[in-house]
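**Student:** Here are the chains, one letter per residue:
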Amino acid sequence: MFTQELLDKSSLMRKKWEDEVKKIVAKSGDQKEKWSTVSDLEIKRIYGPEDIKDMDFENDIAYPGQYPYLRGNQATGYRGKYWTFRMFAGMGSAQTTNERWHYLLSTGQTGLSTAFDFPTLMGYDTDSPKAKGECGKCGVAIDTIDDFRQLIKGIPLDKITTSMTTNPPATALWAMYCASAEQQGIPLTKIGGTIQNDMLKEFIAQKTLMCPPEPSVKLISDTIEFGTKFVPRWNTVSISGYHIREAGATAVQELAFTLRDGMEYVEDVIKRKGLHVDEFASRLSFFFNSHIDFFEEIAKLRAARRIWAKAMRERYNSQDPRSWWMRFHTQTAGCSLTAQQPYNNVVRTATEALAAVLGGTQSLHTNSLDEVLCLPSDHAVQIALRTQQLIAEETGVANTIDPLAGSYFVEALTNEMEEKAWEYIHKIDDMGGMVAAIEKGFPQMEISDAAYKFQKQIDSGEKIMIGVNKYNIEDEVVDIPIVEIDDAVEEGQLKRLAEVKRTRDNRQVAVCLKDLADACRKGENVMPFCIAAVKEYASVQEICDVYREVFGEYRDPGIY
Amino acid sequence: MADRKIRILLAKPGLDGHDRGARVLARSFRDAGFEVIYTGCHQTPEQIAATALQEDVDMVGLSCLSGAHNYLYPAVARLLQEAGAGDIVVVGGGIIPEKDMPGLYAAGLTAIFTPGATLDSINEWITANVTPKE
Amino acid sequence: MKELGKRVLAGDIRAASRLIRNLEDQIPNTHIAIQEIFANTGNSHVIGITGAPGAGKSTLTDELIAAYRSQEKTVGVLAVDPTSPFTGGALLGDRIRMLRHAEDKGVFVRSLATRGAMGGISKAVGEGIHVMDVLGKDKIIVETVGVGQQEVEIINHAHTVIVVLVPGMGDEIQALKAGLMEIADIFIINKADRDGAGKLYKETMNMVQMSRDKYGITKGWQTPVLLVESVLEPHKFAESVTKLRDKIDEHYQFLVYHDLIADRMRRKTTAEINEALWGAILAPILEELESSGEMKKMIDKTLTKEVDPYTLADEVANKYLKERSTSS
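Quick note, the sequences are listed as chains A, B and C, same order. Each residue of the first sequence is one higher than the last, beginning at 118 in the working numbering. Each residue of the second sequence is one higher than the last, beginning at 640 in the working numbering. Each residue of the third sequence is one higher than the last, beginning at 155 in the working numbering.
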């Protein structure tokens, strides 16, 4: 990338600098020996042209909208459109959540994102014995389309995109969304959004589990196929690294496991559905974490784009540039926030959000300062949203595309992350793919080891979390309003559900569920059957119980 | 005279699957010289209590981050008491607001570990407060 | 806990677990409780499952429990995991694969750590089997750590020994080395959907045959090699394990029919008596030598080659034994 003359000159000047450093350090020492990222990746004191001299401008860096898309997928960057301000939200009943959604939209949010409660996430209804005590506590309770209609009341489904964080029951919840749109007279070709629907990371990290990997991946390819044919604006998978990171993975592990999950899905859809990669790949989307180490995250996101573009072109022979784009949503790191001195979390979230923007995210959720303690209050969520708006409108970082390109440090770090990620990817290839690796417990063990190591680094003070192991406040009094979800929510929901089950045509529900079961056994696409079933008020659990029955339940190998 | 090893049951009651803390604790307990049975996620209080008896543990550690602790933790403590095993120490961790703590202590929990507790401090607490009964 | 023996006889689960605990922790006079229950033992069918780590033993055990429960048979499980040699602690991670039975009163699962047991399966496991027996468990499954010598020890305690192999883990060689060929009553090729399953099956069958040829065995139990499908296909897996269950019972019937039960248990009984003798005779002597400082002196003298261990042993024997045959 540089002339030999420049490199020689730099070499000389660097030597001078190194000598100077040696002198000073000999006298007054550095603050500490090791300087590394939160993932324990060691960082040098300085980076210069030598660190990126072997890069090829045309093939490694290029321009936005040009392969390998290091600098961005779109030529126009944020000037054309800011990233979507998409706040993950859900609490208590559908009605309460609907109110929070309208509040967020009225105060400048540009996309919706649904947080469901644990019973819904796990494919159980509120009246299941397993759901006792959990209704509405960490997200919205949805049992039937009756609740769903309440959730989206007053939301123009053809004008706004909605993301739904749902995995094993994704087909059921997406069916409710599609059915609701149809019932509002909106054709499926006009609705846009995302379902997370990424089971591989569940086995690795998030653990909302239901069926074994094989049928889980089959259901996912059903949604990809259905979306390709009938709901073209919908992202049917959000291949996620966020949860992998939250479970304790390093940045490199997050990067590698996420992209390798994506590759596993691509290979499965090609094999199982006989689709050509370019028929569906442009609707695959990703979801990353933005953690507290500023530059590591920026490098990670840029590396992700380049790795994916290469994989699509070289591994899968994709011809359509839209398949090469890695589009992603980002969430700032929940695990970086502290319960101690919670107002500090505003600052953490802000720098993490900034990193995500400098990494070129298409969509962003910023955590609220109180989320270590409870679901966010109106005020806290407003601050979180304003953080994004402030970055967009006041800081000027959106003025220019990929501002850190060309930085010796950032480009070197991007290269390093890519290289290390490929090592993991090839290792998993050698194991026989991601499903095989999961069966062997490989990603799970890597993550557990990294989590344990990090905790020991915090305990020893090697890594700092302010308020936890440095600048602590003795006998701190945390004075933050705590949002509570009343147990009355569960009572109310139980009544609603009982009423729906009483008044619906139960015979018709039974017929629909039987049809779904038959479709599962025959290997047919389940989506049309799900949509038919939810229209008759079949519940989330009823649909999931069909899957459990036909495909069997997953038995966690318990590798930790 | 042989010293008794401390046996711990580590469990995640309810539907919450966020097990990072529990996995880290499992390793930490092993490294502190305890015998730890980790039963993973998605346990019912009934399963946890039955397991505690079968394994003759000295302590049950519960982790829940979904907000359902007010129902789940007391349920475990109650079931143990009903089975005549109220001497088993029950402790909890996770996302537990201050104001919920008195209720949990009243229901039978002995300690609640909040975010920021170091692994060593937890191990020391156990060594000091959990003595296997004869 | 007082009166452990009585409480175990009355079916108290926690007391049973506490008795095993006392064995693990080597609490003095625990043998008294064993004495109280011993007459009631001998009714259970003891099944040993062994194999390398990662072979999938716990998942198999879990499904086997289900298979037996569907026949309304009660099951006890002793699941053994290694103690960390560095910290003395242990992650007892087998139970996590058997959780669906946690509330079933017909199933009792007890996790044990090896505690660095000298010479293999700890006494706690051996006696733990008696405890499970006395609780009336029809089947007792002992799942062992699966490395080296400890695997082979299982033969002393079990009526039926199952060795679990997995394709692609070099198990054929493992099996030969560890002497597993001789002790297996049933071989399982687990995760049989993996590459190399066919090859492993053939090799194992060959080795079984070679073993029979070597010892001139023409009659008796023909050690089968069973294929078990991946647990990720729950229905197929359940079917394979049902077949395994039937084969296990077939083996037990074989032993009963040919009057071999007592024979199989001779080894265990011999081992138990040896253990008891050790506890009654040698342990107190060693304790005495240790606490009086005599042991230290003996070690010092041997290190300087002043005397050899055998001469020392003779001296100790002469001191403590009333009668000594004067031989050689």
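Simulated from the structure, these hints should not be mistaken for laboratory data. Don't be surprised by glycine CBs; every beta carbon is placed ideally from N, CA and C. Certain hints may be false.
So the derived label-pair ranges between C-beta atoms look like this [to be verified]:
no., chain 1, residue 1, chain 2, residue 2, range
1, C, D349, A, R389, 17 to 25 angstroms
2, B, R643, C, I415, 55 to 63 angstroms
3, A, E536, C, G352, 32 to 40 angstroms
4, C, T241, A, L129, 22 to 30 angstroms
5, C, D400, B, D726, 38 to 46 angstroms
6, A, E135, C, T241, 23 to 31 angstroms
7, A, E670, B, A756, 51 to 59 angstroms
**Student:** For each hint, tell me whether it holds in the structure or not.
**Tutor:** Verification of the hints:
1. C:D349 <-> A:R389: 17 to 25 angstroms: For R389 (chain A) against D349 (chain C), whose Cβ atoms are near 20 angstroms apart, the range 17 to 25 angstroms holds.
2. B:R643 <-> C:I415: 55 to 63 angstroms: violated, 36 angstroms
3. A:E536 <-> C:G352: 32 to 40 angstroms: holds, 38 angstroms
4. C:T241 <-> A:L129: 22 to 30 angstroms: violated, 53 angstroms
5. C:D400 <-> B:D726: 38 to 46 angstroms: holds, 43 angstroms
6. A:E135 <-> C:T241: 23 to 31 angstroms: violated, 43 angstroms
7. A:E670 <-> B:A756: 51 to 59 angstroms: violated, 35 angstroms
Checked against the numbered hints given earlier, the structure breaks hints 2, 4, 6 and 7 and satisfies all the rest.
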